[in-house]
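Position chain B relative to chain A; hints supplied.
Which chain is which? The protein sequence lines are A and B, in order. So for the first sequence, our numbering puts the first residue at 1012; every next one is plus one. So for the second sequence, our numbering puts the first residue at 1012; every next one is plus one.
Treat the hints with caution; some may be incorrect.
What the hints assert, rightly or not - Distance condition first, Cα-Cα at most 25 Å in a straight line; then the derived PhoX-like pairs of lysine-lysine:
no.: 1; chain 1: A; residue 1: K1566; chain 2: B; residue 2: K1615
no.: 2; chain 1: A; residue 1: K1436; chain 2: A; residue 2: K1642
no.: 3; chain 1: A; residue 1: K1584; chain 2: A; residue 2: K1560
no.: 4; chain 1: A; residue 1: K1566; chain 2: B; residue 2: K1176
no.: 5; chain 1: A; residue 1: K1584; chain 2: B; residue 2: K1615
no.: 6; chain 1: B; residue 1: K1436; chain 2: B; residue 2: K1110
no.: 7; chain 1: B; residue 1: K1585; chain 2: A; residue 2: K1615
no.: 8; chain 1: A; residue 1: K1176; chain 2: B; residue 2: K1584
no.: 9; chain 1: B; residue 1: K1615; chain 2: A; residue 2: K1585
no.: 10; chain 1: B; residue 1: K1325; chain 2: A; residue 2: K1560
Said to hold, decoys possible - Covered stretches of chain A (in silico footprint by chain B; criterion: 3 or more residues with CB under 8 Å from a CB of chain B, positions within the stretch not fixed):
no.: 11; segment: 1032-1042
no.: 12; segment: 1172-1184
no.: 13; segment: 1222-1231
no.: 14; segment: 1376-1386
no.: 15; segment: 1486-1496
no.: 16; segment: 1532-1539
no.: 17; segment: 1586-1597
To be clear, the hints were calculated from the coordinates, so they are not data collected in a lab. Heads up, the beta-carbon is just placed ideally off N, CA and C, and yes, glycines get one too.
Number of protein chains: 2
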Amino acid sequence: MVALMPVGNIGRSVPRLESRAKVMGQAEYTHHLRLPGMLYGKIFRSTLPHALIKSVDTSAAKAVEGVFRVVTIDDIRTVIPHPYYGPAFHDQPVLADGKVRFAGEPVAVVLASDPRVAEYAASLITAEYEELPAVLDEVEAATSDICVHDELKPAATFPDLQHLKGRRGTNVALDYRLVRGNVEEAFAAADHVFEHTFRCQQAMHTPMEPFVSIADVRDGRMTLHTASQGPSFVRIEMARLLGWPENRVRVKVPHLGGGFGGKLYIKLEALVTSLSLLVQRPVKISLTMEEQFFMVTKHACTFTIKSGVNNDGKVVARKCRILWNGGAYADIGPRVTQKAGFTSAGPYDIDNVEIESLAVYTNRPPAGALRGFGAPQAAWAYECHTDLIAEALNFDKIEFRRQNLLQEGRPQASGTPVHDAAFEKAMDQVADRLDWHKPFDRGNGRIRRGRGLAVGIKGITSPTTSVAIVNLYGDGSCGLYIGTVDMGQGSDTVMAQIVAEVLGLDAEAVHVIHPDTDVTPYDMGTLGSRSTFHMGTAVRLAAEDVLRKIDDLAKELGLPPNSNLPVSEMLRKKYGMQAGNIIGTGSFIPDYKKPDPETGQTPKATPFWGVGANGAEVEIDTETGEIKIVKLVSVVDAGVAINPRAVRQQVSGAAIMQMGFTMTENMVFRDGQLTNGSLADYKIPSLLDMPEQFVNEYVESRQHSGPFGAKGTGESSTIALSPAIGNAIADAIGVHLTDLPLTQESIFRAIQKKNGTPLPEDDND
Amino acid sequence: MVALMPVGNIGRSVPRLESRAKVMGQAEYTHHLRLPGMLYGKIFRSTLPHALIKSVDTSAAKAVEGVFRVVTIDDIRTVIPHPYYGPAFHDQPVLADGKVRFAGEPVAVVLASDPRVAEYAASLITAEYEELPAVLDEVEAATSDICVHDELKPAATFPDLQHLKGRRGTNVALDYRLVRGNVEEAFAAADHVFEHTFRCQQAMHTPMEPFVSIADVRDGRMTLHTASQGPSFVRIEMARLLGWPENRVRVKVPHLGGGFGGKLYIKLEALVTSLSLLVQRPVKISLTMEEQFFMVTKHACTFTIKSGVNNDGKVVARKCRILWNGGAYADIGPRVTQKAGFTSAGPYDIDNVEIESLAVYTNRPPAGALRGFGAPQAAWAYECHTDLIAEALNFDKIEFRRQNLLQEGRPQASGTPVHDAAFEKAMDQVADRLDWHKPFDRGNGRIRRGRGLAVGIKGITSPTTSVAIVNLYGDGSCGLYIGTVDMGQGSDTVMAQIVAEVLGLDAEAVHVIHPDTDVTPYDMGTLGSRSTFHMGTAVRLAAEDVLRKIDDLAKELGLPPNSNLPVSEMLRKKYGMQAGNIIGTGSFIPDYKKPDPETGQTPKATPFWGVGANGAEVEIDTETGEIKIVKLVSVVDAGVAINPRAVRQQVSGAAIMQMGFTMTENMVFRDGQLTNGSLADYKIPSLLDMPEQFVNEYVESRQHSGPFGAKGTGESSTIALSPAIGNAIADAIGVHLTDLPLTQESIFRAIQKKNGTPLPEDDND
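Chain A with its partners taken away, still in its complex shape (with noise of 0.2 Å):
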């Protein structure tokens, strides 16, 4: 192989290589992009939760001075025969389809060249309805009559969710379960049992950037310019819809205004896809902040756990059962239901282990990924209750946790064996961040004082592939193909200084070629912290393939061994010019048919542990239950970092955005509408939420699978805050809270509560 020095790429904290053009206002976005002839598409949308549509008047809309077309589902079905879509299931029409199943729906759509001239034109839509009675909540609807879909309907694609095809009857889209030894048997043998019921409240991603996509069907193709994740996701989708090959769908995604897991899958793509079929004109539709409260959210769930403990503090048992609130329709929601069921046990080595995770429909906006994919949700309960249990059975909540946290080499209940995952080193450091074994003033008068810590476990979305494709130009600078969304969690920097590091270049010297599907290969999509690990991977690789035909060609230009001829000297030997291109190419799927050396066992649950753990220590007003966080603390195992900033960036940018969700969002329903949809009324953290000690780190341990020992952090440090910052309060006030978010209200009451002096209920939904 040519000798080339890796240059020190690995490990260094490049800096941002967009991040210029970011601050200079020179970023291409979706929302910049104006097609000649381009309509503009306004949205009018259901006012009731569950409703049969009598009829739709358009009339006035129309009337409307240049208002090119209204559109409804019947117009959509003249070119799209069955327009239902979604990445699970197909049960999601490109526009309600006779009937309506959340508040908030889309009904029709006004297209006009003045968005304006739409807006005003879609306000004057009407639409006459026969209710029907709605559930929202996810434990009513888990048993209830009132069915949201008549029948399910499972996307052909997912061959473990054949088996649900046209079950009818039930809200219920998919009903996961795992059984790990006896768990009855071990309770009734255990010394104590615990039993408690948590809730997590829906809530929104809030992208900076709004949801966007823009259609422009010609000549027998179909381009999307879309503000998407999952661009090889959004071109087999629409193929699929439209019935054509791929290649004749091609989907560009510039850079992204942050996605969290909301601009997976088809979120406007296929409305907007259906109006240019429909039109023959390119369509551009963009969301306002508050529509996007109607587009997806983070699921809701209700989750009762029980545990057997002995009175050496061993965990024998565990029962989990969750109840995700799944929404109208069923979005990746059932795959979170799988993937953060089956680790809902949490980071913990359990003989005897019983998970029911359910996939519930409601009338409520469709809920799917979140940054964490379900594991934040799970973590509030199972290290709420580990505290409840360490606090009953008078453990140390470290000592108590270490004895049983998942060691090296043992099987996830699962059965997948881990490897590479360092709960306890990250638990560690949290607690030398929080000074836990030092002495620690609680207050006794009106303020007081508390610190809570929690570790958390998620098994990455599997089993995925990625792509890549890196070409080495004549005079030896690069290009590096990848489908990989740069959203702002610094893929492209991260891919770019993979490719250095095994070219022996500078990590700035790379450019990266943004997904565009006619031009950037296969990957399944920005998520689940899985790019640095199946993308990274597919790079190195990519990029390897580039060192061995430069290998070749050093030899058939008969070149002595270490030459150290510059590639672009060697082109230039063969072309006779500055001529030419190597192209390598990598491929990657993590291999699932090797067993495991140590177990035997065929891993198959996840290529790789997410490890995240937090602290955090709290200030209350217990005359107003004001809630101050003083520190917050959260430290990530990131195997080995790449770019040590990029990481600490992605720790602190999960630790807010999970802090939001702890302390303040949430959707408010009355009667199935939404009451707080803007950000008026629906709080996202502003800087001053922001802890008085802000604490972003992680521990490194190599990941033996990943590109050069890396592993994904963007989720790690979401998994576990919400219930670090929940046993903080418990430490300060005395008190467990049991449902998020942790509001000033609900901390007031608790204390109300714990002195005899509750207040009446509220009466939202």
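Just chain B now, kept in the frame of chain A:
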């Protein structure tokens, strides 16, 4: 290897893939593109052919409301210290630099958001000059003391031009010489010696889509959207100008409305690149049809040819001296001089050959490549000369040619052996279509009729490189990444046919991705009939690489041989869903190191031979000189025609174009000023000029080194068309015209002169 059935894509007249988009007005052209914040540039041009610039007064232009900036070379130099470019010589300044070298040379540019404002303001600019004597004629310039350039500056990329570096006091940019045998001895020994001088006029490419380029510099990258035939060259040359690596320059080319060699190398690209860098905004410049006369042209030339012929009709010696009028800047002229030079003795087997071919600077608009790369100018001389000899020695014109034509395996003048070149077959087919061997009535009154034919040879620019990527998507549909520019010649379709044939698909199902140097790999350029042969081979190799990888995948999956499992199913088996890619790459440069098996000689002049034969039947009104082309026959050697209809369209397109250069097109200068610089005065062929019978055909003579036996045909019918018509005129009126074009006036003058009543000379330059 996986067995895929060829579905008969080769030899099938697949309709152009892009036809529908073009007919529907949906094809993308650079002219359509508008970018946010884009400025339009309008050029202020010199009014003198040769002068020092004393001052440029831009004050009135700057005062126009809406003018963003007025730019001269001094401004350009603030961002590009050495603003000179060119493919062969770095002799052309981005804007005139202290001196103007032709009337029409760009001196300043006005930038404004409104192109009409820019145009108006440009009209207010004035310049003060110190006029220098100008030299317009190539013969005069070759020995003149008036030097267009002080010093020769060959591009460092061409090692064979380096000996010219720094040469001063000459307008001869390149003196190409070829000596074979000893002509002087052979002349002395020959039975007859003939010498004639011929002249060709300067003409224009006249693409339907005028020149247009947009440069968009942002974030340290330069993106060019440009109507170019050579995106890879533009990238490399702009990277050189900017001092940047290639991967910071991106060149995108959508459809092209014709190129014909005019849109090769650097045209507006250096100017818009400099301007965008200077003002940090996107800049677009599009020329009017009139301005195109000042961009690049077809070489005028003077060709003296001398032959020694024996009584048996064998040509034993030939001496050629060609002076090429390159205009003020070299462009690719030196290469034209060289490439047309080495075939300027024609398609004949002559033992003693001496060729001198000189690229000469003059004070005219620059000349470059134009559909034939000088070969038609050379053939005008050698094939009129051939008829003159045959007439003088009373040989049948076909049999005289047959006796001297190069046969399979014989060395051409350059020593390169001739293979797969159907000179005789093409000539005989032309003769057949003209009913050559049947009696022919030449008339004897006012209307006279004549017939003529000619045979041409052309070498192909070499050695040159093409690289291709074939990407098979998860559903088995595929994309082809190529830098070949489809400018109307049908290359997309032919390349799709090649991919389809290898992979067992329908050509119509292959998606061709248009040139974008970020993604499509290197290609030397779409020029010189090279694409089908070079890129066709690269595409074939890339598709075969895909086949190999499919084979590997089948083995990996343990499939039985010839399982016939579709690739989409294989990918699904491997990846568990519709996912992944199979990516093949192909890189081709003709192997010049391998000696010819018969001659033992190492070929180097050309990888294949362009072969065309033409015939004409004309009718002339001897009282007015009016000429009617009754029949025009063109037959080329296509190797194996991949797309028969596309070949015939190439043949007819080239024939019409060359007919224009033969009959009417002529850039007329007076005092160094172009006097007919508009399509009202400069006459290209219209429907009314079409021959009554227009026969366009090909013969098939497998090109063994070509993809599926194919060779390029884009220029073949231009080569010998002018002498076919010239010879027909001579056959009708009994006198040979020596100067192109063959206008009614020149024919009338020739008749008058023959009749002993010559008209007074015109006083044009």
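These are the hints, each one checked on the structure:
Between the alpha carbons of A:K1566 and B:K1615 the distance comes to roughly 23 Å, so the proposed pair stays at or under 25 Å and holds. Taken as a hint, the A:K1436 and A:K1642 pair is honoured in the structure, with Cα atoms around 20 Å apart against an allowance of 25 Å. For a cut-off of 25 Å, the pair hint linking A:K1584 to A:K1560 stands: about 15 Å separates their Cα positions. The straight-line distance between the Cα atoms of A:K1566 and B:K1176 is roughly 34 Å, outside the 25 Å bound, and the hint therefore fails.
Between the alpha carbons of A:K1584 and B:K1615 the distance comes to roughly 16 Å, so the proposed pair stays at or under 25 Å and holds. Between B:K1436 and B:K1110, the direct Cα distance comes to roughly 52 Å. Violation of the 25 Å bound is thereby established for this hinted pair. Between B:K1585 and A:K1615 the alpha-carbon distance is near 15 Å, which keeps this suggested pair within the 25 Å criterion. At roughly 22 Å between alpha-carbon atoms, A:K1176 and B:K1584 fall within 25 Å of each other, so this suggested pair holds.
Proposed proximity of B:K1615 and A:K1585 is supported: the alpha carbons are some 15 Å apart, at most 25 Å. A distance of roughly 53 Å separates the Cα atoms of B:K1325 and A:K1560; the hinted pair therefore is violated under the 25 Å criterion. Chain B is given as covering the segment 1032-1042 of chain A, and this holds because 4 residues of the stretch bring a CB closer than 8 Å to a CB of that chain, at least three being needed. Only when three residues or more bring their CB closer than 8 Å to a CB of chain B does the claim for the segment 1172-1184 of chain A stand; here the count is 0, and the claim is violated.
Look at the segment 1222-1231 of chain A against chain B: 3 of its residues bring a Cβ nearer than 8 Å to a Cβ of that chain, three or more, so the hint holds. With 0 residues having a Cβ less than 8 Å from any Cβ of chain B, the segment 1376-1386 of chain A misses the three-residue criterion, and the hint is violated. Figure legend: the segment 1486-1496 of chain A, annotated as covered by chain B; annotation consistent (6 residues with Cβ-Cβ distances under 8 Å, at least 3 required). With 3 residues bearing a CB less than 8 Å from a CB of chain B, the segment 1532-1539 of chain A meets the requirement of three and the coverage assertion stands.
A count of 9 residues in the segment 1586-1597 of chain A with a Cβ less than 8 Å from any Cβ of chain B is obtained; the coverage claim is therefore met, three being the minimum.
In this structure, the earlier hints numbered 4, 6, 10, 12, 14 are contradicted, and the remaining ones agree with it.
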